[in-house]
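Enquirer: Listed below are the residues making up each chain.
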Amino acid sequence: MTFKTVTIHPEIDQANWERLLPASNVRVGPSPKMSDYRQGKRHLFIGPKRGQLFHLCASLDPRYICCSTHVVSHISNCPFECTYCFLQNYLTDTTLSVVADTRAIIEEIREKTSEQPWRLFRIGTWELGDSIGVNPLNEMAARLVMEFASLDNCILKLRTKSDQVTPLLDVDHGGRCVVSWTVNPQEVIKREEIGTAPLGKRIGAMEQVARAGYPIGLHFDPMIFFKGWQRAYEKLVEAIFNRINPKSVIWISIGSLRFNPEMKKKIENNYPNTKITSAELVLGDDNKLRYPRPLREGMYRFLLERLRDAGADECFTYLCMERPNVWQNVFGRAPRSIGHLDYLIANSVHNRFPQIAPAPPQKELYLSLEY
Amino acid sequence: MDQLPHPSKEISIVETEALDLNLGFSLKLRELGLWKTEHLFSSLETSGILEPILVAYEQDSSGPALLIDGFKRLMWARDRGISHLSAMDTSLSPRELLLFLLQKHGNELTSCALIALFLDFVAERGFDSHLILNEIMPALGLQGHAKLLEKYRRVATLPVKVLTLCHKKDFSLKRCINLTHQPRQLLERLIELEGKLSLSASLFQELCDAISDILKREGLSVEEFFQRKEIIEILEAGQDRATTTRLFRSYIRKLRNPLLTSYQRELQKIHKTYFSSAPFHVKWDETLENRRIEISSTVTDIEELRNLSKAISSEKTKKGVKELLSRF
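Here the protein sequences line up with chains A and G, keeping their order.
Residue numbering for the first sequence follows the working numbering, starting at 136 and increasing by one per position.
Residue numbering for the second sequence follows the working numbering, starting at 8 and increasing by one per position.
Think of the hints as simulated: they come from the structure by calculation, not from any bench.
It is possible that some hints are incorrect.
Stated by the list, open to error - Label pairs and their computed distance ranges (CB to CB):
# : chain 1 : residue 1 : chain 2 : residue 2 : range
1 : A       : 198       : G       : 177       : 36 to 46 angstroms
2 : A       : 418       : G       : 334       : 17 to 27 angstroms
3 : A       : 502       : G       : 334       : 29 to 39 angstroms
4 : G       : 301       : A       : 335       : 26 to 36 angstroms
These figures come from a predicted structure and were not determined experimentally.
Each residue gets a CB set at the ideal place from its N, CA and C atoms; glycine is no exception.
Next up, chain G with everything else stripped away, as it sits in the complex:
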C-alpha cells in the first residue's frame, strides 16, 4: 500500500452535531459491540481532547464537514454536551480516503464477518469498485474478484446479532454464506436463544439448516414453530445451558429425521433386550442403508476370550442379531 500523505492542514472549529458521519466504520463496529472505549475515555476524562479530529470538506465547502478520524472522541464529546471541537482539515482524494480507512481499520478486520462488513461499508459509500477489487481486497489477503466481493457483501446483510456471532465464533465465508440463505426471521429467533443454548458455529449452522427444512416441509412460520409446546417446555425448563442445548438439539433432530429416529428407537429396544449385558459391543449402520451388524470386544486373557466366544455363539445373541438384521 502507498504511504498516505500526512493530513497536515489548517485547524478549524467544528460543531459536533453538524458533522457528517458517513465514513464512520467505527460506528458499525459499535453496533456489533466491538467498540473498545474504556481506555480512551478514561484518558479523555483526565486530559480532555488533545488531538484535533480529522475532517474534510466537499470542494465548495458548503456542506457539513465529513468526519474522517475521531469518532470515539466525538461520541465522548457529544455525551458531555461539548458543542464544538478543534478539527484538522484535510483534502484526501477518494483513493487516499479509502486507503486511510483501510489503514485505520485493517488490523481490526480479524474475521470474515468484519471483512464483509468493511467491504460492504466502502462499496456502499460509492468508492470505486476497481479500487476495492484491486487495492483493498488484495490488502486484506483476498483475491479481487467481483463475485467474491458480491459474496462478502451478501454476508454483510445478515442481522447484526448474527454477524456478531459469526465474528465471535470466527465463521468461515462458506458458513456465513450458508446463513444468508436462511430465513432472516429464523436467524434472529435463534440468536435470541444464545443465552439459553451453547451455540457453537457448527451447532448454529445445524439448527438453522434443520429448522429451515422443517419449516419448508411443514409449511410453518418461524413463530408457529417456536410456539410448539415441546420447544417451549425445553427452553423454559430452567435447566443449565448444556442440558437445554442437548435436549433442544435432540428434539430438532427428531423432527428433522422422524423415520430414522423411530427406527433407531426400535433398534435400541432390541439392543436392550438382547445385548445390554453382553461382553461385546453391537453396532449397526445408523443410516439404515447397509445390512450389517458389527460386533466388537477387547479381551485381556484367555478366560475372557472363552466367555466372549460362548456369549457370541449363544442362542440369545443369534436371536438378537437376527432381530436387528430383520430391520434392514
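The shape of chain A in the complex, shown without the other chains:
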C-alpha cells in the first residue's frame, strides 16, 4: 500500500525519516486532519508526542474478565478495512497518524511501570491501528522493539493482520517483544478483513519471527459465526500449527464478534455485502452486541478442543471480554478477578519463557490490583 500524501510535523527531524519514506509527496506541516474514515487511511502523518499515550486497554470493564493489558496509543487509524472495526465509528481525525518520538514514549512507559516493579506489564500498540501493517509503521515498531529491550518488567505486544515483519527480523529484541497475529479462516479474511494479508502469508510471517526468536501471540478474535464455521476454524488451527511450534506461542486469546449497537448501521452502510450484522446478537451490559452466550460458548469450546488436538494446550489460553460464567462453561474454571488473570498470564510467562520473567510473580500483589 502506498500513501497519497505523507506529512511530517515541523518539530520532527525529517532526516530520521527520509530513509523510510518515499521521496515524492512528502511535505512538512500539520496533520491534514482528514475526516473520511477510508480516505484517512491513505494519508500518513508523522507527529510529535502530545500528552499521555500509555494507559490500560480501554475495553477493560470490571464486570467482565479482561486481560488488563496496557496500551501505547501512538498509532491512530489503520491501513486495513475490517468490516467489524470500531474505528469506523470512533475517529474524528482519520489521518493515519503515528507519534515519531520513540524515546519520549519509552520514557513515559519507564516512569509509569517503575511504580510497580513487581508487575509484568504487557503493552500493546494496536489499540487504534495495526502495529506493523505498513511501512513505516513496521520500521517504527522495530525502533520500539530495540528500546523495549531495556525495560525489565515490560513486554511489547505488536499485533497485526499483515506480513510486514522484515524490519523486525534483524533487531536485537532481547526477548521482550511478542509479535501477535489476529487470525481467522481465509474465507473470513477475504470477506471481512479487507486489505489484510491472506492467512498463508500471515503464517509465513509467523515462521520468520519465530526463527528470529520472538515469542508469538495468537488472537482468534473476533471469531465469526457462519455456515461451515466449524470446518473453517478447524482448518485454521491445523494450518497454523502445521507450521508453528506451540512452544513458540506465548499466549492465545479467544473472543467473538462484538460491536456497539450504533455501529450496526455504520457497518451496513460502509460494507453493504457483509452479513455479520444480520447474525443473532444480544446486547451485553457493556453496551456491546455479541452472539448469544450459548453460541459463543459452543464456538469457544470447539476452538479450544481443536487447539488441544493440535498440541497447543500448553499455550496460555484466555477469553477476551467475557463473564466468569462463560469462562466456567468453556474452561471449567474462571479467574477470580481481572488481577487474578493478570497473575495467571504472568505466571505462565514465567514458567514457559523464564528469560522474559525470571522471577515468579507474587500472586497476592496481582490480586490486590484494583480496576
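Got chain A sorted already, so can you dock chain G onto it with the hints?
Expert: Chain G in isolation, oriented as in the chain A frame:
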C-alpha cells in the same frame, strides 16, 4: 422572511391543458392523500372560480405559462372540462418564487417526511442550493447544512406510501433515514400490510430491521420470504388486527432470534414445572448473559411471609433454581 412583492400584474386567459405544473408541490401532497379539497370544491360548485390563478412566463414568453398558485382550482376546472381560465401574470425572481412556495406550504410541513418532500421538491427544481440552505431551511427551523439537506433528500426517495406512514406517525428524521437503508421492496411489501397489522412507528421499524436481517442472513428475496407458509397462515387467518400483529411480530422475532427463542422456551418449561403455583415471581436475564435468578414477592401479613419463606426454602424451589441456573 422578506415580504413578498404583491403579484399584481396583467390578467390573461390561459389554456388549462397547456399550463406548466412544474411548481405543483400541492400535487405531491395529493399523491400522499393530503390534499383537502372538499371545502374548496363545494364553494367552487356554488360560486365558480372567482380568483384568477397565478402564472408566470419565461422571459421570452414563448413557453407555456408556469402555474404558481391555483392547482386545486385548475384540477377542479379540468375535471369539469373547462378549457380556459383567467390568470394573473407575475414576474417573480427565483428567490421570490422560492419564498412564495415556502409561504404557501410552510404551515403544511408538519412532519419530517413532508419537510423532506418539500426540500427535495425545491432542490429538484433547480433552485439555488444557497437559497435553500440559507433561507428555506432556517425558516423551517433547520440548520442550513448541506449534509442535512442531503439526508432530507434521501428521505424523500422513500416510496410514497412509506412517506405517508412516516408523516401520519410523525417519524423522526433518524427513523426515516433508517428506513432509507432498507430494501425498497421490503418497505413496499410491509406497507401493504397496513390493513392487517397495527403498524406503529417503532413496530414498523422493528419489522423492517428484523426482516431485512433475516433476508440477508438467509439469502432470501422479499417475495420468497412472504411466501413462507407460516406467514401466509398468520396473515390470511382472518383474525383481528391486534391478534394478527401479535402473531406476526412474535413469528418474526422467533426467526430473527432462533437461539434465544428456543432457550426461552426451555426456561419457560422449567418455570412451569417448578414455579407455576409458587407464591413468588421468578425472573431471569432474557439475554442469557447474566447467571442470576431474581425471586420477588409481596406480603401483606406475617402468615404470608411464613408461607413465602417455606416455599422459597422448599426442595422443589431449590431444584427449580438449580435447573434454571444450569442453563446459564
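Enquirer: Look at each hint and say if it fits the structure.
Expert: Hints, one by one, checked against the model:
1. One distance hint, 36 to 46 angstroms for the beta-carbon pair residue 198/A and residue 177/G, holds here, with the actual separation near 38 angstroms.
2. Against the hinted window of 17 to 27 angstroms, the Cβ-Cβ separation of residue 418/A and residue 334/G comes to about 19 angstroms, which satisfies the hint.
3. About 31 angstroms separates the C-beta atoms of residue 502/A and residue 334/G, a value consistent with the hinted range of 29 to 39 angstroms.
4. One distance hint, 26 to 36 angstroms for the beta-carbon pair residue 301/G and residue 335/A, is violated here, with the actual separation near 51 angstroms.
Against the hints set out earlier in the document, a violation occurs for number 4 only.
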